[in-house]
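2 protein chains.
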Amino acid sequence: MFNFDEARFLKIQAGAVHLAPRIDQEIGAAIAAGASNLFFLGTGGVAYLMEPAVQLLHRRSGFPVYKDYPAELVLTGSANLTAKSIVVMPSLSGTTKESVAMLAKLQEVGARIITLVGHADTPLGQGGTPALVNFAEDDTSSESFYIQSLLVALSVLKARGEIDNYDALVAELATAPAALVAAKKAFEPKAEEFARIIAGSDYHMFTGAGNMWPEALYYATCILEEMQWIRTRPVHASDFFHGPLELIEPGVSLILFRGEDACDPLAERVVQFARQYTDKLTVISTADYCPKSLSPELRALLSPAIMATLMERLSAHLEVMRDHPLVTRRYYKRVAY
Amino acid sequence: MFNFDEARFLKIQAGAVHLAPRIDQEIGAAIAAGASNLFFLGTGGVAYLMEPAVQLLHRRSGFPVYKDYPAELVLTGSANLTAKSIVVMPSLSGTTKESVAMLAKLQEVGARIITLVGHADTPLGQGGTPALVNFAEDDTSSESFYIQSLLVALSVLKARGEIDNYDALVAELATAPAALVAAKKAFEPKAEEFARIIAGSDYHMFTGAGNMWPEALYYATCILEEMQWIRTRPVHASDFFHGPLELIEPGVSLILFRGEDACDPLAERVVQFARQYTDKLTVISTADYCPKSLSPELRALLSPAIMATLMERLSAHLEVMRDHPLVTRRYYKRVAY
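For the protein sequence lines, the chains are A and B, in the order given.
The UniProt record's numbering puts the first residue of the first sequence at 1, with every later residue one more than the last.
The UniProt record's numbering puts the first residue of the second sequence at 1, with every later residue one more than the last.
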C-alpha cells in the first residue's frame, strides 16, 4: 500500500489490544472499591474518539458516565467529580494544555486518573494513576484510541455484570489489527478515487449516525480542516434533517460515513434524500471493506475504527494529490495561543 | 422595533415562566416517587436548546441525566430508559416525526413523559403525561424553551436538595420577559450592522463556550443554514483550537457568542487568537445588552436566551436585507423525507 508500514501499524494496534488486561484490572478494581462514576475527559478530536464508548455505556450500563470538556470543567467544577470518580483522560501527545490543567484539579480532587497516552515522559504520562502508554502517531492513533476506549466500556459492563461475552469479544479483538489491515487493502484500490472527490470541492458536508457520527466529526475536523485546510460542515445524520439539509443542491458535496451498528437506518435515510438533490453524494461504508471473518458484533463495535483506518488510506493519497502534507499547520505549534 | 410585536413576545415568554409551578410539581412528584433518572429527548435544534439545562444538571446534580437522539434511541433502546425514567420531550410543532416515533416506545416502556409543546392538539401535545403547552413560533420559541428547560433543571436541583435559592431564582424569572425586551431594545440600533456582517460572507464559523455554545450551534444551524441557506461551521470554543483554527485567515468570518457564565474565559481565548489572524472576527456579548437589573446568577443562567433574543432582532433585519424570508425552505414541508 502507498506510504504504509504494515508492521508498524500492526504493532501499534496490537499494543492497544494488549492493554485489555491492564484496563480491565484498573476498571474492575475501581468499581469493586466503590467508584461512583466515570468521566471521559478528552480535549479536541481525541474526545470524539471516546464517544462510541460513551454511547455504548449510556445505553447499556447503569454506571453513571459523563463526558465533558476539560477546558470547561476546570472552570466550572462538577458536583459529580469526586475522589470516587474514575477519570479516563486520553491524549496522544500527553501534553494537551487543557487536559494538563485539568489533571492538576483532578489530583486535588483525588479521582482515580487513567491516562491513555502515546508518550510516557509527558505530564499526562507521568500524571496517570496509572498511565497506559501505547505509542502511536496521527496516522495510527484513531484506531488505537477507539480500541482502548472500547476496552474501557467493556470492562465497565463486565464489572457491573452487564455483559455476557466480555471474554469472547476481547479474545476476538486480538484479530482486529489484522482485520484493519485487510480493510485497508480492500479499500486501497479506491482510495485515490475518493481522495479526488475530497480534492474536488472546497467544502464538504460530513454526516453519519450512531458510532459513525464521531468518526465523521473527527475526520472532517482533525484531518480535512486541521491538516488540509478544507472547509467542512460535520452534522449528525438526524440533525441533518433539521436545518442543514436546506444547503443541499446540485454541486454540494455530502460525504456519508456508514458503519454496521444499529443506527445505520439513519444513514440510509440520508441516502434516500440526498441522492435526489445533489450529484455529489459520496457514501463510504465499512461493510464494503471490513473482512466478514470479524463477528457482526465486533464489526458494529469497531465500525469507527474501521472507517478511521480506511480514511488514513484516503488521506495518504490526498496529501500527495493536493501537494499539502498532513503535517503542515498555520498555527498549531507555530504560534502561541 | 422593526417587525416586532412586544405584547405578543411578552405573553409568550411569560407563558414559559408561568409553567414553573407545573414543572416543579411534576418533577418534584416524580423524584419523590422514586424516579431514577431523567432523559432530555429533543430532535434537531430544540435539543440544542435543552443543552444548557443538561450542562447545569451534569455539573450540579447527582441525579442521573441523559440526553440522546430520539431517532437513535428508537433503534438502540437503552438499559436506563425504564418506567422509573422522567422524559422531557420538547417540540414546538408537537409533530416532530422522530420524536413521535419515540413517544410510542416511551409509552410501551411506561416512562413519565413530560412534553413541552407549542400546540396541544398534536401527537406530542396529546401524548404527554402531562403535556405542557406554551404557544410560540420560530421567532419566540428559543427563549421559551431555554426558560422551560432551566425550570426543569432548577426543579431537579430543588427536589434533590441541591439548590438553596430556587424560590428566589424563580421569583426573579418573572422579570425575565421584560429584561429580554430591554435587551432587544438595546441591541436594535446595532442589529442592522450585525446583519450586514452576516449578509457579507457566504460562510461563517460560529463559536461559543459553556451555555453559549448550544446557542451558537442553534443560530448557525436552525436560522442561518435552515432559514437563510448560508453555510456555517459551528464549533465549540475549546474544540476550535484543535483543528478548525487552521481555517482562519484574513477574510474568514468568525462569529463569537459571549455570555456571562463561568466558561467565558474560553471565549476570551478565541478573541485573543482570532483578532490577530482574521479581519472578520465579530463578537456579540449578551453583557453589552442585558439589563443589569437582572442578578448576575440569572444573567449567567439566561445568557443563551438573551443571545437568542438578540439574534431574533438580527434575523429580522437579515431576511429583509437579503430578500430571503425566514420562512422560505427548499425541502422542509415541501418534499417527503
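If you are wondering where the hints come from, they were derived from the structure by calculation, not from laboratory data.
Treat the hints loosely; a few may be bogus.
Each pair may be met inside one copy or between any two copies, as identical chains are not told apart.
[Claimed, not checked] In the DMTMM-like style, the derived pairs of lysine to aspartate or glutamate whose C-alpha atoms are separated by at most 20 Å in a straight line are:
1) K190 / D288
2) K333 / E246
3) K190 / E249
4) K185 / D5
5) K190 / E246
6) K84 / D323
7) K333 / E249
8) K97 / E297
9) K84 / E319
10) K280 / E249
11) K97 / E268
12) K97 / E246
13) K84 / E297
14) K67 / E6
15) K97 / D164
16) K292 / D138
Each hint tested on the structure:
Proximity of K190 and D288 under a CA criterion of 20 Å is satisfied intra-copy only: 11 Å inside one chain copy versus 53 Å between copies. Proximity of K333 and E246 under a CA criterion of 20 Å is satisfied inter-copy only: 11 Å between copies versus 37 Å inside one chain copy. Taking the closest pair of Cα atoms, K190 and E249 never come within 20 Å of each other, the shortest separation being 26 Å inside a single copy and 33 Å across copies. Only within a single protomer do K185 and D5 lie at most 20 Å apart by alpha-carbon distance; the minimum there is 12 Å, versus 63 Å between protomers.
Neither within a single protomer nor between protomers do K190 and E246 lie at most 20 Å apart by alpha-carbon distance, with minima of 30 Å and 28 Å respectively. When the C-alpha separation of K84 and D323 is checked against a cutoff of 20 Å, the pair qualifies neither within a copy, at 50 Å, nor between copies, at 57 Å. Within a single copy, K333 and E249 get their C-alpha atoms only as close as 38 Å, which misses the 20 Å cut-off; across copies the closest is 17 Å, which meets it. Taking CA atoms no more than 20 Å apart as the test, K97 paired with E297 passes in neither setting, with 37 Å inside one copy and 29 Å between copies.
In this assembly of identical chains, K84 and E319 lie within 20 Å of each other by CA distance neither inside one copy nor across copies; the values are 46 Å within and 52 Å between. Taking the shortest alpha-carbon separations for K280 and E249, only the intra-copy value of 9 Å comes in at or below 20 Å, while the best inter-copy value is 27 Å. Taking the shortest Cα distances, K97 and E268 sit within 20 Å of each other only across copies (16 Å), while inside one copy they are farther apart (39 Å). In this homomeric assembly, K97 and E246 come within 20 Å of each other (Cα to Cα) only across copies, at 18 Å, whereas the closest approach inside a single copy is 38 Å.
In this assembly of identical chains, K84 and E297 lie within 20 Å of each other by CA distance neither inside one copy nor across copies; the values are 32 Å within and 29 Å between. When the C-alpha separation of K67 and E6 is checked against a cutoff of 20 Å, the pair qualifies neither within a copy, at 34 Å, nor between copies, at 40 Å. With identical chains, the CA atoms of K97 and D164 are never at most 20 Å apart, being 39 Å at best within one copy and 35 Å at best between copies. Proximity of K292 and D138 under a CA criterion of 20 Å is satisfied in neither setting, with 27 Å inside one chain copy and 48 Å between copies.
Comparing the model with each earlier hint shows violations of hints 3, 5, 6, 8, 9, 13, 14, 15 and 16; every other hint is respected.
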